[in-house]
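Student: Sequence:
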Amino acid sequence: MSLADHLIELRRRLMIAAAALVVGMVVAFFVTDPIIQFLLHPIELVAEELGDDFTRLTYTGATSSFDMRLRIAFAIGLLISAPIWLWQIWAYVMPGLTRREVRYTIGFMATAVPLFFAGCAVAVLILPHILLIMASFVPESQYASQIYDAERYYDLVFKTLIAVGIAFVTPVFLVALNLAGILSAVEILKGWRVAIVVATAFSAVATPAADVVSMLMLAAVLVVLYFAAVGVAFLFDRRKRKREDALLTEAT
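Throughout the sequence shown, residue numbering follows full-length UniProt numbering, covering 1 to 252 in sequence.
You may find that some hints are simply not true.
[Unchecked claim] Derived Cβ-Cβ restraints for the label pairs, each shown as a range:
1. 7 x 155: 29 to 37 Å
2. 109 x 33: 28 to 36 Å
3. 162 x 136: 33 to 41 Å
4. 184 x 87: 30 to 38 Å
[Claimed, not checked] Below, a list of computed lysine to any residue pairs in the SDA-like style, where the Cα atoms sit at most 25 Å apart:
5. 159 x 44
6. 240 x 250
7. 159 x 124
The set of hints was computed from the structure by calculation and includes no laboratory data. Using N, Cα and C, we set each Cβ at its ideal position, and we do this for glycine too.
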């Protein structure tokens, strides 16, 4: 295909993906009420824990409630339409990949997607604890109360989901860097002390101070994922050395 044909094909793929996203947003806009109730649940838990009737979600602008629904519809629509726009990306890129690269890409996606959603599920569980920790800094006074601005609260939830989801996918990126020849398994393993400290610190912040079991379980999951990435990297490095030795033998 010529460059012009590639650009035409890219435009066609992008238009299909954009149309799928719009349809997903329209569908998601009518089911935002359960999502909002789901987002309110951590605030309800904080209000019960603090015994504060004034802890609530507030909309500070005339269009704030509509804006929040629109942003939720975009996020849910992006998720609903994911099979279509992911396929469009894959269909555009796949003809330029070798069979080996196709295998690696499928393996990467098959591992990264479940890990990302597992991280999002963990984020949902730890979000009330994060709110409780932050609310503990509110002065104990009848004139002080924790009130959540809808826009900032949504940003907090969304960023927490993304951050924890990416944390769970990080081992997959380490394996990808190993396959690309950027990091060897030994180089990844050298950072094990830093990985354990970061996993423990993250778990300590994300879980309640008194719940040591939850902190250790979350830290253990992150550390296991890290060492699993190291093990996979060692396997790939071993296969790479065998291929290099075979090529060297044939050359001599």
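Student: In ascending order, which of the hints set out earlier in this document are inconsistent with the structure?
Tutor: The structure conflicts with hint 3 only, although it agrees with all the remaining ones.
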